[in-house]
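Peer 1: Sequence order for the protein chains is A and B. Numbering follows my numbering, in which position 463 of the first sequence is assigned residue number 834; successive positions increment by one, without gaps. Numbering follows my numbering, in which position 15 of the second sequence is assigned residue number 441; successive positions increment by one, without gaps.
Hints are computed from structural coordinates only; laboratory data are not their basis. A quick note: this is a predicted structure, and the numbers were derived from the prediction, not measured. Ideal Cβ positions, reconstructed from N, Cα and C, are used throughout, including at glycine. Careful: at least some of the hints might be erroneous.
[What the hints assert, rightly or not] List time: in silico DSBU-like cross-link candidates among lysine-lysine, alpha-carbon distance up to 35 Å:
#1 A:943 - A:589
#2 A:782 - B:537
#3 A:592 - A:466
#4 B:499 - A:720
#5 A:704 - B:493
#6 A:691 - B:537
#7 B:492 - A:782
#8 B:587 - A:691
#9 A:981 - B:537
#10 A:782 - A:755
#11 A:981 - B:499
#12 A:755 - B:587
#13 B:493 - A:802
#14 A:668 - A:592
#15 B:537 - A:980
#16 A:690 - B:570
#17 A:980 - B:499
#18 B:587 - A:936
#19 B:499 - B:570
#20 B:570 - A:704
#21 A:782 - B:587
#22 A:592 - B:570
[As the list claims (entries may be wrong)] From the derived model, a few chain B residues whose C-beta atoms are all more than 10 Å from chain A:
#23 428
#24 477
#25 507
[To be verified] Anything over 12 Å on all C-beta distances counts as not near chain B; from chain A, calculated:
#26 408
#27 432
#28 477
#29 624
#30 752
#31 789
#32 845
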Amino acid sequence: MALFQIAEPGESAAPHEHKLAIGIDLGTTNSLVATVRSGIAICLSDEQGRPLLPSVVHYHADGSTEVGHDAQKNQAVDPKNTIVSVKRFMGRGQKDIAHVESMPYDFIEAPGMVKLKTQAGIKSPVEVSAEILKTLKLRAEAALGGELVGAVITVPAYFDDAQRQATKDAARLAGLNVLRLLNEPTAAAIAYGLDNAAEGVYAVYDLGGGTFDISILKLTKGVFEVMSTGGDSALGGDDFDHRIFCWVIEQGKLQPLSPQDARLLMMRCREAKEYLSKNPEAPITVRLSSGEMVDLKLDVATFADITQTLISKTLQPVKKALRDAGLRADDIKGVVMVGGATRMPQIQKAVGDFFRQEPLTNLDPDKVVALGAATQANLLAGNKTGKDDWLLLDVIPLSLGLETMGGLTEKVIPRNSTIPTARAQEFTTFKDGQTAMAIHVVQGEREMIADCRSLARFELRGIPPMVAGAARIRVTFQVDADGLLSVAAREQTTGVESSITVKPSYGLSDDEIAGMLKDSMAHAKDDAMARALKEAQVEAERMIEATEAALAEDAHLLSAAEFAKITATIAKLRETAAGDNRRLINIEMDDLGFETQEFAHRRMDQSIKKVLSGRKVDDIKMGEDA
Amino acid sequence: MELSADFFALFELPRAFRLNLSELDSRYRDVQAQVHPDRFANGTDAERRLSMQWATRANEAYLTLKKPLERAKYLLELAGHDLQAESNTAMPADFLMEQMEWREAVMDARKGGDHHELEHLHNRLRSDINSRYDDVGEMLDVAKDYAAATDRVRRLMFLEKLLYEIDDALASLED
Numbered sequence: 372m373a374l375f376q377i378a379e380p381g382e383s384a385a386p387h388e389h390k391l392a393i394g395i396d397l398g399t400t401n402s403l404v405a406t407v408r409s410g411i412a413i414c415l416s417d418e419q420g421r422p423l424l425p426s427v428v429h430y431h432a433d434g435s436t437e438v439g440h441d442a443q444k445n446q447a448v449d450p451k452n453t454i455v456s457v458k459r460f461m462g463r464g465q466k467d468i469a470h471v472e473s474m475p476y477d478f479i480e481a482p483g484m485v486k487l488k489t490q491a492g493i494k495s496p497v498e499v500s501a502e503i504l505k506t507l508k509l510r511a512e513a514a515l516g517g518e519l520v521g522a523v524i525t526v527p528a529y530f531d532d533a534q535r536q537a538t539k540d541a542a543r544l545a546g547l548n549v550l551r552l553l554n555e556p557t558a559a560a561i562a563y564g565l566d567n568a569a570e571g572v573y574a575v576y577d578l579g580g581g582t583f584d585i586s587i588l589k590l591t592k593g594v595f596e597v598m599s600t601g602g603d604s605a606l607g608g609d610d611f612d613h614r615i616f617c618w619v620i621e622q623g624k625l626q627p628l629s630p631q632d633a634r635l636l637m638m639r640c641r642e643a644k645e646y647l648s649k650n651p652e653a654p655i656t657v658r659l660s661s662g663e664m665v666d667l668k669l670d671v672a673t674f675a676d677i678t679q680t681l682i683s684k685t686l687q688p689v690k691k692a693l694r695d696a697g698l699r700a701d702d703i704k705g706v707v708m709v710g711g712a713t714r715m716p717q718i719q720k721a722v723g724d725f726f727r728q729e730p731l732t733n734l735d736p737d738k739v740v741a742l743g744a745a746t747q748a749n750l751l752a753g754n755k756t757g758k759d760d761w762l763l764l765d766v767i768p769l770s771l772g773l774e775t776m777g778g779l780t781e782k783v784i785p786r787n788s789t790i791p792t793a794r795a796q797e798f799t800t801f802k803d804g805q806t807a808m809a810i811h812v813v814q815g816e817r818e819m820i821a822d823c824r825s826l827a828r829f830e831l832r833g834i835p836p837m838v839a840g841a842a843r844i845r846v847t848f849q850v851d852a853d854g855l856l857s858v859a860a861r862e863q864t865t866g867v868e869s870s871i872t873v874k875p876s877y878g879l880s881d882d883e884i885a886g887m888l889k890d891s892m893a894h895a896k897d898d899a900m901a902r903a904l905k906e907a908q909v910e911a912e913r914m915i916e917a918t919e920a921a922l923a924e925d926a927h928l929l930s931a932a933e934f935a936k937i938t939a940t941i942a943k944l945r946e947t948a949a950g951d952n953r954r955l956i957n958i959e960m961d962d963l964g965f966e967t968q969e970f971a972h973r974r975m976d977q978s979i980k981k982v983l984s985g986r987k988v989d990d991i992k993m994g995e996d997a
Numbered sequence: 427m428e429l430s431a432d433f434f435a436l437f438e439l440p441r442a443f444r445l446n447l448s449e450l451d452s453r454y455r456d457v458q459a460q461v462h463p464d465r466f467a468n469g470t471d472a473e474r475r476l477s478m479q480w481a482t483r484a485n486e487a488y489l490t491l492k493k494p495l496e497r498a499k500y501l502l503e504l505a506g507h508d509l510q511a512e513s514n515t516a517m518p519a520d521f522l523m524e525q526m527e528w529r530e531a532v533m534d535a536r537k538g539g540d541h542h543e544l545e546h547l548h549n550r551l552r553s554d555i556n557s558r559y560d561d562v563g564e565m566l567d568v569a570k571d572y573a574a575a576t577d578r579v580r581r582l583m584f585l586e587k588l589l590y591e592i593d594d595a596l597a598s599l600e601d
């Protein structure tokens with residue numbers, strides 16, 4: 372099995388070999404995997420030549436699964452155990468999910484995120500998504516014939532912290548090294564911009580199966596700068612299917628349907644939607660389990676009419692994103708259409724009317740995100756060739772804040788801040804002798820806490836007793852390049868330091884992930900220990916490679932003694948990594964990390980100085996030489 | 427270069443209010459191109475940690491220097507004039523009176539849905555604000571009169587907030 376090919380020590384990849392990296396578009400309806408081969412991004416197909424993998428997972432009673440086309444066949448037969456559009460449930464509570472009543476699943480309310488009861492047991496949306504990711508990982512490994520260094524996974528730009536965290540957890544569960552979570556419209560812009568050598572300000576209108584994003588990007592030579600982003604993480608092509616579904620129920624005066632009938636009808640509605648992109652009229656014929664026959668015809672005009680409100684729902688965030696960027700519709704040089712749902716003619720017309728220009732549809736809207744993700748993965752993996760270099764500056768979609776007195780939100784980091792970003796805010800105690808403080812982290816734009824999404828609650832304890840208002844509690848928010856938040860709190864005035872770093876409550880703890888990994892592996896009859904050892908070995912290899920590359924470039928920044936110490940530490944780690952003592956490998960990786968800290972500092976310093984002073988550095992050097 | 431270097435030093439720009447903004451843009455991008463976490467996705471832990479700190483710092487520096495109000499406040503802070511502490515002092519009555527009149531005009535236009543009037547108010551205020559920034563530049567860069575600059579900056583904080591409210595009113599009319 373490709374997952375467990377343990378390389379012989381001597382066979383490890385040479386430092387400058389092409390590294391295998393993939394981009395994955397984990398979609399609501401379909402998912403894709405792409406890679407860069409001989410400088411060109413391509414989608415990888417399954418054995419039957421199909422690039423799209425339907426995002427459907429079917430659970431059998433014995434715990435085995437089918438994913439994709441095979442699972443899709445079971446939709447109408449076994450709807451309860453066939454999970455479709457799981458992306459809608461990622462990082463979401465039951466009350467957040469639209470049309471729960473028309474879904475055939477047994478939902479279980481769990482803290483932070485719903486779970487689904489299947490015949491194979493209770494499944495978290497993270498686990499279901501991991502099944503999809505695993506299938507794509509296997510497909511990529513088979514096609515590329517080697518070990519992957521990592522993957523870029525795309526998420527809707529409008530995904531909040533909980534949804535991003537859930538996606539990253541799913542990737543970890545699938546055994547993928549996540550190089551970056553990348554926003555879908557940004558990925559599309561990379562695929563589009565690099566292909567067309569575009570310059571100027573572009574809008575990316577991305578209507579997927581279950582999510583809507585709008586991003587305004589400035590493209591200049593080698594820089595993709597997201598100016599603003601907006602959207603609706605619960606609006607997509609699925610909703611258009613649902614409108615047709617409701618129309619059919621109303622027209623056919625149908626009684627409440629069984630889950631099987633409902634799923635079957637929903638599939639027919641989706642087919643009708645797709646058919647209407649190229650035809651003036653679509654037939655909808657279904658024989659219900661009661662024997663009753665539904666036979667209707669939907670024309671383009673009626674379809675446009677019943678979906679009109681959905682389309683205007685997408686234009687509100689478009690207006691807001693433009694305002695946030697300080698721009699008007701006329702300032703936009705081009706509008707890139709992404710997502711299968713943008714094939715609907717009424718959407719192309721509405722977007723064209725709004726921006727007063729023909730939208731750009733020259734790249735396949737289903738593939739463009741995966742292709743961009745693969746391109747970025749290739750860059751992040753270090754497969755850089757001179758001219759292929761660019762910088763991506765992305766933003767967070769929603770403001771991050773804290774609860775203050777009276778249930779109000781205090782914004783700490785405003786939406787559309789370029790990431791990574793950090794901001795600190797100071798608070799104080801309001802009672803004499805208060806020794807603890809509750810901290811409630813939220814995300815959203817509204818003033819009332821109740822209208823924002825609650826991300827995490829934690830308590831800072833051990834504040835020394837003081838009079839009210841004397842303590843100074845500094846709460847620091849840090850958002851990393853994946854758009855993920857960590858929060859730390861610290862009391863400043865005394866020598867006593869208490870700090871805590873939290874992960875949003877929607878995220879799974881490392882223990883939970885370990886537990887899930889164990890469960891999934893028990894089924895696959897994999898050996899958890901072998902896998903953990905393999906992971907440590909790969910990580911050690913990666914670290915050695917990165918350090919050696921740094922030494923090759925910048926050894927002159929080290930004294931002879933420092934250089935000798937680092938190379939000795941590398942040699943030791945290399946030897947240990949060839950063995951099977953996982954604990955020792957981890958300890959020695961920490962050692963190497965410690966030994967190279969100062970070196971990393973000096974390298975960073977040098978690179979900044981060099982870029983800012985440009986030729987000046989060379990001049991000085993030449994002067995010294997002479 | 428140290429992480430704790432001031433924002434001007436970080437981009438090797440002269441410490442002044444009158445700043446070449448396109449130079450700031452290009453230096454910001456140059457620095458980010460070196461330190462951004464995407465450059466170290468495959469680096470060592472130490473490199474990744476440092477990279478996040480530097481990229482965070484570069485973003486903060488850029489955001490502060492790009493906006494004139496933030497830039498002015500930052501220059502005053504560097505010169506040892508704490509705006510927070512001094513903002514407790516009352517503003518002159520005539521300035522506050524003027525503010526109330528502005529606010530009433532904005533509220534009336536908002537209620538009446540008068541898009542044209544709001545645009546007009548926006549433009550008037552914008553040009554008033556711009557000329558005040560010219561004064562601030564003179565005080566900070568030439569006269570080095572930080573006390574006077576502090577007073578101007580405090581007024582500008584009010585005016586920028588008012589401008590934001592006008593834009594907000596315009597936005598609510600558009601929706």
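Peer 1: The structure should be examined with respect to each hint, and the outcome stated for every one.
Peer 2: Going through the hints against the structure:
1. In summary, the hint linking residue 943 of chain A to residue 589 of chain A is not supported, as the alpha carbons are separated by about 47 Å, beyond the 35 Å threshold.
2. The suggested pairing of residue 782 of chain A with residue 537 of chain B holds, with an alpha-carbon distance near 27 Å, which does not exceed 35 Å.
3. Between residue 592 of chain A and residue 466 of chain A the alpha-carbon distance is near 45 Å, which puts this suggested pair outside the 35 Å criterion.
4. The straight-line distance between the Cα atoms of residue 499 of chain B and residue 720 of chain A is roughly 47 Å, outside the 35 Å bound, and the hint therefore fails.
5. A hinted pair counts as satisfied when its Cα atoms are at most 35 Å apart, and residue 704 of chain A with residue 493 of chain B qualifies at roughly 25 Å.
6. Distance restraint check for residue 691 of chain A and residue 537 of chain B: the Cα-Cα separation of roughly 21 Å lies within the 35 Å cut-off, and the hinted pair is therefore satisfied.
7. With a C-alpha separation of about 21 Å, the suggested pair residue 492 of chain B and residue 782 of chain A falls inside the 35 Å cut-off, and the hint holds.
8. Our distance criterion of 35 Å between C-alpha atoms is met by residue 587 of chain B and residue 691 of chain A, whose separation comes to about 19 Å.
9. Using a Cα cut-off of 35 Å, the hinted pair residue 981 of chain A and residue 537 of chain B is violated, with the two alpha carbons roughly 56 Å apart.
10. With a C-alpha separation of about 39 Å, the suggested pairing of residue 782 of chain A with residue 755 of chain A is violated against the 35 Å cut-off.
11. With a C-alpha separation of about 30 Å, the suggested pair residue 981 of chain A and residue 499 of chain B falls inside the 35 Å cut-off, and the hint holds.
12. Distance check on the hinted pair: residue 755 of chain A and residue 587 of chain B sit about 46 Å apart at the alpha-carbon level, beyond 35 Å; violated.
13. Among the hinted pairs, residue 493 of chain B with residue 802 of chain A is inconsistent with the structure: their alpha-carbon atoms are about 38 Å apart, more than 35 Å.
14. Among the hinted pairs, residue 668 of chain A with residue 592 of chain A is inconsistent with the structure: their alpha-carbon atoms are about 50 Å apart, more than 35 Å.
15. In summary, the hint linking residue 537 of chain B to residue 980 of chain A is not supported, as the alpha carbons are separated by about 54 Å, beyond the 35 Å threshold.
16. A distance of roughly 43 Å separates the Cα atoms of residue 690 of chain A and residue 570 of chain B; the hinted pair therefore is violated under the 35 Å criterion.
17. The hinted pair formed by residue 980 of chain A and residue 499 of chain B meets the criterion: a straight-line CA distance of about 27 Å does not exceed 35 Å.
18. For the hint pairing residue 587 of chain B with residue 936 of chain A, the CA-to-CA distance comes to about 57 Å; that exceeds 35 Å, so the pair is violated.
19. Straight-line distance between C-alpha atoms of residue 499 of chain B and residue 570 of chain B comes to about 14 Å, which keeps the hinted pair within the 35 Å bound.
20. Straight-line distance between C-alpha atoms of residue 570 of chain B and residue 704 of chain A comes to about 43 Å, which puts the hinted pair past the 35 Å bound.
21. For the hint linking residue 782 of chain A to residue 587 of chain B, the alpha-carbon distance of about 16 Å falls within 35 Å, and the restraint holds.
22. With a C-alpha separation of about 39 Å, the suggested pair residue 592 of chain A and residue 570 of chain B falls outside the 35 Å cut-off, and the hint is violated.
23. Residue-level check failed: residue 428 of chain B sits 8 Å from the nearest beta carbon of chain A, not beyond 10 Å.
24. Its beta-carbon lying about 7 Å from the closest one in chain A, residue 477 of chain B breaks the requirement of being farther than 10 Å from that chain.
25. Every CB of chain A is more than 10 Å from the CB of residue 507 of chain B (nearest about 20 Å), matching its label as outside the interface.
26. Separation of residue 408 of chain A from chain B is adequate, the least Cβ-Cβ distance of about 19 Å exceeding the 12 Å criterion.
27. At roughly 41 Å from the closest C-beta of chain B, the C-beta of residue 432 of chain A stays outside 12 Å, upholding its exclusion from the interface.
28. Residue placement check: residue 477 of chain A keeps its beta carbon more than 12 Å from all beta carbons of chain B (closest about 39 Å).
29. For residue 624 of chain A, the condition that its CB be more than 12 Å from all CB atoms of chain B holds, with the nearest at approximately 37 Å.
30. For residue 752 of chain A, the non-interface assignment is contradicted: its Cβ lies about 6 Å from the closest Cβ of chain B, within the 12 Å cut-off.
31. For residue 789 of chain A, the shortest C-beta to C-beta distance to chain B comes to about 5 Å, within the 12 Å cut-off, and the non-interface label is violated.
32. Non-interface status of residue 845 of chain A relative to chain B is upheld: no Cβ of that chain comes within 12 Å, the nearest being about 15 Å off.
Comparing the model with each numbered hint stated earlier shows that hints 1, 3, 4, 9, 10, 12, 13, 14, 15, 16, 18, 20, 22, 23, 24, 30, 31 do not hold.
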